[in-house]
Amino acid sequence: MLFCLILGNYLKTFIMTYKVTEEGNISTVFLQGEIDMDVTEKAKEVIMPLVESKKEVHLNLKDVQYMDSSGISVLIESHQKANELGTKVILKDISKSVLKVIMMAKLEQVLNLD
Amino acid sequence: MNLSESKDFLVTSASLKEIRVFSREIFEKININEDLRDELVLAIAEAAQNIVKHGYKDIADTTDRMEIKISLKENELEIGFFDKGKAVVPGNVQHRKLDDIKPGGLGTFFIKQIMDAAVFKKDQKGWVNHLVLTKKI
Numbered sequence: 001m002l003f004c005l006i007l008g009n010y011l012k013t014f015i016m017t018y019k020v021t022e023e024g025n026i027s028t029v030f031l032q033g034e035i036d037m038d039v040t041e042k043a044k045e046v047i048m049p050l051v052e053s054k055k056e057v058h059l060n061l062k063d064v065q066y067m068d069s070s071g072i073s074v075l076i077e078s079h080q081k082a083n084e085l086g087t088k089v090i091l092k093d094i095s096k097s098v099l100k101v102i103m104m105a106k107l108e109q110v111l112n113l114d
Numbered sequence: 001m002n003l004s005e006s007k008d009f010l011v012t013s014a015s016l017k018e019i020r021v022f023s024r025e026i027f028e029k030i031n032i033n034e035d036l037r038d039e040l041v042l043a044i045a046e047a048a049q050n051i052v053k054h055g056y057k058d059i060a061d062t063t064d065r066m067e068i069k070i071s072l073k074e075n076e077l078e079i080g081f082f083d084k085g086k087a088v089v090p091g092n093v094q095h096r097k098l099d100d101i102k103p104g105g106l107g108t109f110f111i112k113q114i115m116d117a118a119v120f121k122k123d124q125k126g127w128v129n130h131l132v133l134t135k136k137i
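Protein sequences, first through last, are from chains A and B.
Counting from 1, position 85 in the first sequence corresponds to residue 85 in the working numbering; the numbering is continuous, with no gaps.
Counting from 1, position 49 in the second sequence corresponds to residue 49 in the working numbering; the numbering is continuous, with no gaps.
Errors might be hidden in some of the hints.
[Stated by the list, open to error] Footprint (simulated), chain A over chain B, 3 or more residues, beta carbon under 8 Å:
1) 48-58
2) 106-113
3) 116-123
Because the hints were derived from the structure by calculation, they are not lab data.
All C-beta atoms in this analysis are idealised placements derived from N, C-alpha and C, irrespective of residue type, glycine included.
Start from the sequences, fold in the hints, and give me the full structure.
This is how it looks when you write it as structure tokens:
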């Protein structure tokens with residue numbers, strides 16, 4: 001039986017919202033909005049504790065319409081931390097605009113894209 | 001179509017959204033296609049972010065403003081950034097090597113990928129830095 005706990009952890013900042021669901025050892029973070037320097041600390045506050053608890057973290061980026069180099073830094077940092085702890089961060093349903101920035105940074109072979 | 005519009009913004013990361021909105025509205029007016037528009041907005045936002053992050057490093061809660069001027073003349077787009085932060089030494093503005101995977105250091109790389117040129121000019125009056133990004137469209 002699948003156990004799905006919706007934490008209902010919606011947090012609204014000026015431009016980014018998120019929701020976290022948990023299923024077994026997988027935490028999925030649904031990010032929504034625009035991820036820039038102004039919200040990266042908040043994004044890290046959401047993602048990094050999940051990684052540090054050694055869960056497999058899925059970042060659903062379907063509804064992220066914009067991501068800049070600060071957002072890319074969060075993806076790199078969480079990916080590297082997960083590697084260090086023997087778990088992984090997987091990017092799911094990546095929006096076209098975010099995929100373009102990931103490819104511009106030549107990170108499509110570095111990050112886990114699904 | 002020729003055009004020139006400028007707007008000033010408080011130097012803070014909270015202005016980045018407003019800067020993107022300002023830029024998108026101008027690029028919509030001049031009918032730049034969506035893909036290029038997204039790239040140009042990213043380049044502008046990265047340059048503005050560099051002002052906030054590096055030009056005003058260790059300066060909290062400034063009331064300074066930066067000005068962004070977007071001009072189009074004979075199919076050349078020119079985007080000027082004026083700020084009163086720390087003086088930029090152009091030779092020190094470098095992006096990290098792409099194979100050195102670590103957080104940070106990509107903003108300048110994105111700007112160079114997207115724009116034809118990025119030059120710091122010495123013609124600023126009343127400003128400390130004047131960065132000009134150009135691209136033929």
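A quick look at each hint next to the structure:
| no. | hint | result |
| --- | --- | --- |
| 1 | 48-58 | holds (count 3) |
| 2 | 106-113 | holds (count 5) |
| 3 | 116-123 | violated (count 0) |
Taken one by one, the earlier hints fail for this structure only at number 3.
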